[in-house]
Each structure stands twice: as C-alpha cells, then as structure tokens.
Amino acid sequence: MHISLNSSNIIFGWLLNFMPATAVGIIEMVLIALAYLTLFAVLGLYLVLMERKVAAWFQLRIGPNRVGFQGLLQTMADALKLVSKELTGTVKADKFLYNLAPYFVIISSLMALAVFPFTKNLQAFDINIGIFFLIAISSVGVIGILLGGWSSNNKFALIGAMRSGVQTISYELSIGLSLLTMILITGSLQLSEIIEVQKNGWLILQGHIPAIIAFMIYMIAGTAETNRAPFDMAEAESELGAGFHTEYSGMKFAYFFLAEFINMFIIAAIATTVFFGGWLSPFGITESIPWLGIFWFLAKTFVLVFLMMWFRWTFPRLRIDQLLTLEWKYLLPINLVNIVIMAVIVWLNLTIQY
Amino acid sequence: METTIVNNDFKSEEYFINMGPQHPATHGVLRLLLTIDGEIIKKVEPDLGYIHRSIEKMCERDSYQQIVHLTDRMDYLSSHINNEAVCLAVENALQLEIPERVKVIRTIIDELTRIASHTLWWGVMGMDVGALTTYFYGFRDRELINDIFEETCGARLTMNYNIPGGLMYDIHPNFVKRVKSFIAHFKTKLPEYDSLLTGNVIFQKRTKGVGILTKADAISFGASGPVGRGSGYSCDVRKHHPYSALDKVPFNEALQTEGDSFARYLVRIQEMWESMSIIEQLIDNIPEGDYNVPTNAVIKLPKGEFYQRVETARGELGVYIISTGTKNPYRLKFRSPGFSNLSLLNHIAVGGKIGDLVATMATLDLVIPDIDR
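Protein chains in written order, with the numbering used here: chain Y, 1 to 354; chain X, 1 to 373.
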C-alpha cells in the first residue's frame, strides 16, 4: 500500500523515528482502512439521502426534512434504527451462507472504492491493472446476491438472485468492452496513468464519436450492473416483493442497501475517471490548486449519480427477456463494432487533443 | 397446514409460488397460486376469501336505505356509482319520478368518480411496471376530485351521497366552480400522463402484445368495462342502457381492438377525456329543482325481481333484487365487474413471464373488495 501525500509522509516519517518499519506499515494500513470505512458509511448514507431528495423532487414531494437541518440527519437516524433492529431470518435457511452473503456484497464495493484517485496522489493504492481490478472486484458482489437469494429459502428471493446473476454476467461484458474501447486511447490500465493522458482533453473528447457511444453503453450497462431501475430485475418490488434481500433484516439488509448505493457511486466514479478526466478541472482552470481535484472528482461523479437517479425515477422496468435482448442483440454487437472503430481512430491518429 | 395446491402433476422443472395474499402487485388481499417454469407462468389460480364480509347476506338483513351504505365498501373507488346502482334499482321498483336535477348531479359525480378511479389506476399501473413516479402524479389530480367530494358529500372515499329517491342534500355552492376549475386543470395535466408513461418505449414494450384477450373470449368470459372494450367488445352500459342523465349527453365509447394490455391502458386514458367532456356538457346546465323526492321512512318494494346495471370505473355492476314485499330484500345479488375480469387472468397470463402477469393484472384494474364481497 502506498500513499504519498506530503502530510502523511511527514507523520509516518516521524513515526519511523521510534518504531520498526513493519509497525508503521500496519498503522498506516489501519488508518487508511478506517478512513475508507468512514468514507464508505458517510457516502452511503448521504447517497441514500440524495436519492430520497431527488426522488421527492421528481415526484412533487418535499422529501425528508424533519431530522436535522432540511433532513440532513434522516439517514443517520435510519441507520441507527437498522443497527438496533433485531436480526431475523428464515428457519430453514442455510445459516452460514445466509450470514456470509452481505459481506461479499459490501466488501466488494469497499475494495472497489479503494483504487480511485480522488485527486493527485490521494489514492490508497495505485495498481497498474486498476481498471481490470475494478471490473474483477465488482463482479464479486454478484456472488453475495446469488448466495443471499439462494440461502434464504424463499422462492421470491431465489428468482431475484437468479435474475441478478443472469443480468450481471451479461452486462459485465458491455462494461468491460466499453472500458476497453477507452483503454485503446490511454494504452494503460492504471487509473493515475489514464488521468495523466487526459491532460490534453478528456477521453470523451479525445475519442469523440466512438467514445460517446462507449459512454452511453457504459452508463446503460452500469445501471444494469448495479441492479437499479430500469434494470432492477433482482428486486422488482412489484413482482418479487423485495427480491434477493426479502428475508434480510436490520444491519444485514442495510449492507445490501448501502452496497447498492456505493456501487452506483463506483460506476459513476469509473465513468468520471475514464471518460471525464477524473479529478482534472475542465480545461485546466484550477490546475494550480491541486486540492480542488477532490471537488472536481466529486462534482463530476455526482452529476453522473444524479443521471442514474433520473433514470430510476422516470423509466418503467424492463422485463427479463427484454433486458437480455438489449444486451446480447444490441449493446454487445454495437460495442464490438465500436471497439474496431476506436482502434482505427487511434491507429490513424484521429483523436482530438488540445 | 391445509394446502390449496390443486395441481399435483408438476413437471420436474415447474414449481409453485404463492403470490399474495400480501404482495405489492395484487393491490389488496388477493392470493394467486402460480405454477411457474423458471420465469414462465404455467398456471394462475386466484384464491379468494381473504376480505369476504358477507355483504350480500348483510343486505338481506338491512333496509334499502342501509344497503346503499354497504355498497360503498365493495368497489371503494367507484363508491358513488355503486350507491347509484342500488338507488336506481329501488327507484325503478317503486316507479319514482326522479327530478332532472338529481339525474344531472348524479351523472356529474359519476364521471368525476370515474376520473378519480382512473387516475389512481394510472398511478398504480406505472408503479406495477416499475415507474414509481406516476403514482404521485395520479394522486395529485385525484386529491382535487376528493376535495370536491368532501365539500359536497362530506366524505372523500365512501361518499353515501345517493339515497333512494335522490340525493342526501343539495350540492355545495362552490361545486360548479370547483368542478370547472378541476376540468381546466386536468385538461393540462392529462397530456402529461401521456408524455410520462404512454409514449415511453419501455412501457410500450412491456404492455404491447402482452395479455392478449380476443373479442370472443372477452364476451365468453363476461368481461366488461375497459377490459372488454380494449378487445373491441362494445359493452359500455352508459351507451347501451343509459341511466340518469346519460341519455341526453353525446359521448364516444372508448374502443380499442388489439386486446392487449396497452389497448386496455389506452381505453382508460380515452375514457378520462370522455368523462371530462360529459362533465363539461352538464356542469353549466344543472336544472333547478328538488334534490330528492320524499319516500316513506320504511321502503317496501313490491313483490318481484328487479335488475339494474350501471357502468362503474371497472365495468358493469349489476344489482339483482328479489323482493317478497317486505322492507328487506329476500335476496340481493351483485354482479361485480372485477370478479368476471379476474376470471380471465389465467386465460391471458399463461405463457407470459412474471413481469407480464403483473402488467396484465394492472390493466385489469382489480379492486379486491369488489371481487370478494
């Protein structure tokens, strides 16, 4: 694990004076893990609040506005309620898998969060296969959903889990291929490297037409990957009650719930990093103030998150066969053609740079 | 525990699932016994009785004025029309001459009830196919109608405004003004419904070609209301057996011929426009006069059998009274639209996916207390 922020270097350099390097390493890891856990919880809770507010605006309502100023503490109160709730489960559930499932979901999204560069050098670990790692780790989450649906001994949950499995496996192809299209320009899987390349223009501008197509496919597939409307087949509350997490209560339910929102953030953050220049400011207007990178990264990400919420509160839900038709008959062939077009563009050096 | 699985010859891939009595898509305590192969529906068996209140039996105990109040609790979304069915049956049996004013007011409130019911249905329809936002848009407009009802009838849902012989009291002085302002408001809002849901590609894909009911089947299953008219079966009681002021008002019967869920959807949207046109034609010409004709405190129907049919928001409601000349009916039977519409669910949902079943059920617009009296 590598962190190279100046302030942290000073702290750890000071610690090295009276501690062995291993101990300092462990302290460093624990502190970073704690920081990420805090980020995870705060982000999850406030994304829930944001969703509720956005939904309310779409639906002629006010939304939560009683707990704290303008409802800012509402989700905190909800989380406290969920923590204090009794955990119930079905009698004949496979207890081990049933209890294990939420951790798969939440750990996969927590690990994915760790590789994002929030600004220059503010990154927990910058591996050279960053994009590959993200795609790989985000597919671990579906194991949790499958296990949860399978082990809770409920047919509605099982149908939801199977739907989710089919859906995630299908749409991962599109996510992978649309990101691969962009990798053709960057020539690197490392996230920091991808952002460096975009100093001459965000990739969505550099790659122009195929990049825009790739972005659209990525957003559709990303929405499907997070099991959100209009692709929320796994929950489909009007069909399956609550889908795969029907039998979960209290904090275990909250894990699934939080993971869904964090996954939405992750999908948006990948899009920000790969298509919209990550923490880079538009046309380098605030390049001299590196800390503003956090602002730009979050601003771009939340615009995309808002876009996904907009989808959710506007569109009806697809049917499972239509969902698969969309992926296998439309998105995947378009993607394959798109990747060839992008290869030609990169080969002929037709990318736009300023 | 006693099991109600009738079908014991399951194939190895098929399994059984209980949809309801507590399920978000059944809109009440309807229980569907589904036999499913993966996602594909093999069999749907509705199981009723979870909200049975013996309304027909209670009617045999009650006087005719009291029966009117019970009908509110059947199809609670068209309570005024249900009331009217009983009142009309009693009035016809007594051969009462009803003032024109009563007829016009009844028709206006009927059509307002129909709009209120259809806006609620539209909201829930969107919710069933996964678009939660429609619910709030539907309720926004329904609230305005409920406010009008509250002012005039004193209640928002179970109105009890009709009595045998006329109305319980005269309309509120604000009634005409508020109905007009509602119509003006709703004319701008109904196109919003189309742009939010009707034109949506996903919605059309979910409903077009789903749950197809042919005209022949619609007739043989006794489908009525928008369900029958979506299949091209002209079954509007208002058109064929006009009651109250409906014989004086020209209006179009909403008809679609495709017979799929989308056709039933379009029929209801079109019906809202037609209802608005009926109200517009009547609201300026409410005749002066009495709001009821006095009846005896104890109404005794002559010996015989009487039948009255009306068009509720869900279809044809029939009231069949057998009287032996006493103050209570000997037997009273309601022919509820929801019951016959539910009976065709198995016929049109088999072969579809679980999502199709939900979309189909939404376009049947079931109100469970109406099916299970």
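No wet-lab data here; the hints were simulated from the structure.
Since we're looking at a predicted model, the values are computed, not measured.
Beta carbons: idealized from backbone N, C-alpha and C, even for Gly.
Certain hints may be false.
[Claimed, not checked] Pair ranges (Cβ atoms, derived):
(1) X/TRP273 <-> Y/LEU97: 24 to 32 Å
(2) Y/GLN70 <-> X/ASN252: 43 to 51 Å
(3) X/HIS172 <-> Y/ALA299: 33 to 41 Å
(4) Y/ASP94 <-> X/ASP37: 19 to 27 Å
(5) Y/TRP310 <-> X/GLN204: 15 to 23 Å
(6) Y/LEU73 <-> X/SER195: 31 to 39 Å
(7) X/GLY49 <-> Y/ASN153: 56 to 64 Å
(8) Y/LYS81 <-> X/ALA216: 34 to 42 Å
(9) X/ASN346 <-> Y/TRP310: 45 to 53 Å
(10) Y/MET76 <-> X/ILE51: 37 to 45 Å
(11) X/ALA155 <-> Y/LEU173: 54 to 62 Å
(12) X/ASP217 <-> Y/GLN322: 51 to 59 Å
(13) X/TYR307 <-> Y/GLN70: 58 to 66 Å
(14) X/HIS172 <-> Y/GLN70: 46 to 54 Å
[Claimed, not checked] Derived lysine-lysine pairs resembling DSBU-like cross-links, with alpha carbons at most 35 Å apart:
(15) X/LYS333 <-> Y/LYS155
(16) X/LYS327 <-> Y/LYS329
(17) Y/LYS95 <-> X/LYS43
(18) X/LYS353 <-> X/LYS205
(19) Y/LYS53 <-> X/LYS42
(20) X/LYS42 <-> X/LYS300
[What the hints assert, rightly or not] To be clear about the criterion: a stretch of chain X counts as covered by chain Y if any three or more of its residues have a C-beta under 8 Å from a C-beta of chain Y, and this derived list gives those stretches:
(21) 14-23
(22) 94-101
(23) 319-333
How the hints compare with the structure:
no.	hint	result
1	X/TRP273 <-> Y/LEU97: 24 to 32 Å	violated (54 Å)
2	Y/GLN70 <-> X/ASN252: 43 to 51 Å	holds (49 Å)
3	X/HIS172 <-> Y/ALA299: 33 to 41 Å	violated (53 Å)
4	Y/ASP94 <-> X/ASP37: 19 to 27 Å	holds (24 Å)
5	Y/TRP310 <-> X/GLN204: 15 to 23 Å	holds (20 Å)
6	Y/LEU73 <-> X/SER195: 31 to 39 Å	holds (37 Å)
7	X/GLY49 <-> Y/ASN153: 56 to 64 Å	violated (27 Å)
8	Y/LYS81 <-> X/ALA216: 34 to 42 Å	violated (55 Å)
9	X/ASN346 <-> Y/TRP310: 45 to 53 Å	violated (38 Å)
10	Y/MET76 <-> X/ILE51: 37 to 45 Å	holds (39 Å)
11	X/ALA155 <-> Y/LEU173: 54 to 62 Å	holds (57 Å)
12	X/ASP217 <-> Y/GLN322: 51 to 59 Å	violated (26 Å)
13	X/TYR307 <-> Y/GLN70: 58 to 66 Å	holds (59 Å)
14	X/HIS172 <-> Y/GLN70: 46 to 54 Å	violated (39 Å)
15	X/LYS333 <-> Y/LYS155	violated (39 Å)
16	X/LYS327 <-> Y/LYS329	violated (69 Å)
17	Y/LYS95 <-> X/LYS43	holds (33 Å)
18	X/LYS353 <-> X/LYS205	holds (13 Å)
19	Y/LYS53 <-> X/LYS42	violated (41 Å)
20	X/LYS42 <-> X/LYS300	violated (51 Å)
21	14-23	holds (count 3)
22	94-101	violated (count 0)
23	319-333	violated (count 0)
In this structure, the earlier hints numbered 1, 3, 7, 8, 9, 12, 14, 15, 16, 19, 20, 22, 23 are contradicted, and the remaining ones agree with it.
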